[in-house]
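Trainee: If you're matching them up, the sequences are chains W and P in order.
All residue numbers for the first sequence refer to this note's numbering, where the first residue is 1 and numbers rise by one.
All residue numbers for the second sequence refer to this note's numbering, where the first residue is 1001 and numbers rise by one.
Source of the hints: derived by calculation from the structure; they are not laboratory data.
A few of these clues could be false.
Unchecked claim - Dumping the calculated BS3-like pairs for lysine-lysine here, alpha-carbon to alpha-carbon at most 27 Å:
1) 1070(P) <-> 1045(P)
2) 222(W) <-> 336(W)
3) 244(W) <-> 229(W)
4) 1045(P) <-> 158(W)
5) 1004(P) <-> 222(W)
6) 222(W) <-> 288(W)
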Amino acid sequence: MSKRVGIEASFAVAEAAKLARVEVVAAYPITPQTHIVERFSELVADGEVDAEFVCVESEHSALSACLGSSATGARTFTATAGQGLELMHEVLYVASSARLPIVMAVVNRALSGPLNVWGDHSDAMATRDCGWIQIFCTDGQEAFDQTICAFRIAEDAKVLFPVMVHLDGFHVSHVVEPMFLMEQNEVDAFIPPYKHPFPLHPDRPVTMGAFAGPAIYTEARKAQEEALKTSKSAICAVWDEFGKRFGRRYTPVETYRAEDAELLLLIMGSFSQTAEIAVDALRQKGKKVGLVRMRLWRPFPFEELRQAVRGAKVLAVFDRCLSYGGSGGPVCGEVKAALYDEKERPAVFGFVGGLGGRDVFPEEFERIIERGFALADQGQESTYEMIGVRE
Amino acid sequence: MAAKTEHELTWRDLEIGCIVTEPGNASSYQTGDWRSQRPTYDTAKCIKCGLCAVNCPEPCIHETEEGFYKADLYYCKGCGTCARVCPKSVITMVQEEEK
């Protein structure tokens, strides 16, 4: 039986990688991800896990080394944040197109410049189209659980895609939480051994990463897109089984007090917990408001999202990222696109905040909700508004 | 899968991750269609030294039964290195459009 312990989320993620019996970790330390790889390298040095820890000179090399190890059929893990994820950028696309089930914890951090090591979702959003499965965690317990699930999802024969487990820098990564860790035998029973259908092996030569000219590139893209879209059912099946075994249930989209809600707040990541407090306070005052938490970002949960917001009049989407010169927050833009074809849909308003580690307090989420109602009353189609910015 | 050419394959035919499971099939790739110029030979001047074959970056120049050297146009990219290194000016590069 798993026991409840007080542990920092970063250490819990390292523990999850250990329990998953990871065979290779190639990583480069960067704030705020450092504690994950630091802790994992300790576990390797102490002989607590039988894994190779490859010290590399950059994140580009880290993910490149992961490509090689995953291609041989070794269970592979890495972690990064912010600028590190950016330096991995070109290799991200190679990992997904080669269908290598690498698991990566991304401790979300703002991007330079100005230089900022604190949390927001700019790093994640810059990798939106790289073809990885992307899951956003709410708290440390979920970061632990999703890291465990990520190996099972990534290596599923019906999936075989790399997975990013996103946890908010500092707000999740550095918080010591009481959480349930799992026993080795429980994890062993949950994650079967990794078997890639065509691992690199001298006895059975294959070519990975071959070039594809104009005659075949489009077909390669289509095959990848279909595979990523259909991976959603396998992701849900893994989460269902996790829920049955361990009692903590995860779905692509989750709602909080959304029944009969006129206004819904949609948020990814840990700030959704802060927003719950705002929802509670407004419900107390008789306002019909609720929350939608989006957990699965890629593949995008179209059906689940449409279902979750059905019946609401107003949808206020909170983004911790700004797409310069575009439609504002990337999540809001995608949510709007997902709802465009719906006959009846809520009026959608975008709010951008929590950038570069800026806290957003429950009162601010209350103001977002009030503002959402006001904009809807005015019938005003604003692009987006920035929260907490000093004028 | 091997029965279809690159232009016939559908997205469903591709192996996972576009992995190529047949080793050595790079030789079926026709690099010759990159060529805009092809080598022509005045064999009367040829001393059969083989410098062209040694220097061919492809390498696609092979010795013929008569002991001369000739590029395999399936692979020859038309770079002209052979023409440049030939000590007897045997090889002349001509535009593909020219007969």
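Trainee: Residue 1004(P) and residue 222(W) were given as a pair; does the straight-line alpha-carbon distance stay at or below 27 Å?
Mentor: holds (18 Å)
Trainee: Does residue 336(W) sit within 27 Å of residue 222(W), going by the straight-line distance between their CA atoms?
Mentor: This hinted pair holds, its Cα atoms lying about 24 Å apart.
Trainee: With a cut-off of 27 Å on the C-alpha distance, tell me whether residue 1045(P) and residue 158(W) pass.
Mentor: violated (64 Å)
Trainee: CA of residue 222(W) to CA of residue 288(W), is that 27 Å or under?
Mentor: violated (43 Å)
Trainee: Take a quick look at whether residue 244(W) and residue 229(W) sit within 27 Å of each other, Cα to Cα.
Mentor: holds (24 Å)
Trainee: Taking only the CA atoms, is the gap from residue 1070(P) to residue 1045(P) under or equal to 27 Å?
Mentor: Roughly 14 Å separates the two Cα atoms, so the pair holds.
Hint violations for this structure: numbers 4 and 6, all remaining hints satisfied.
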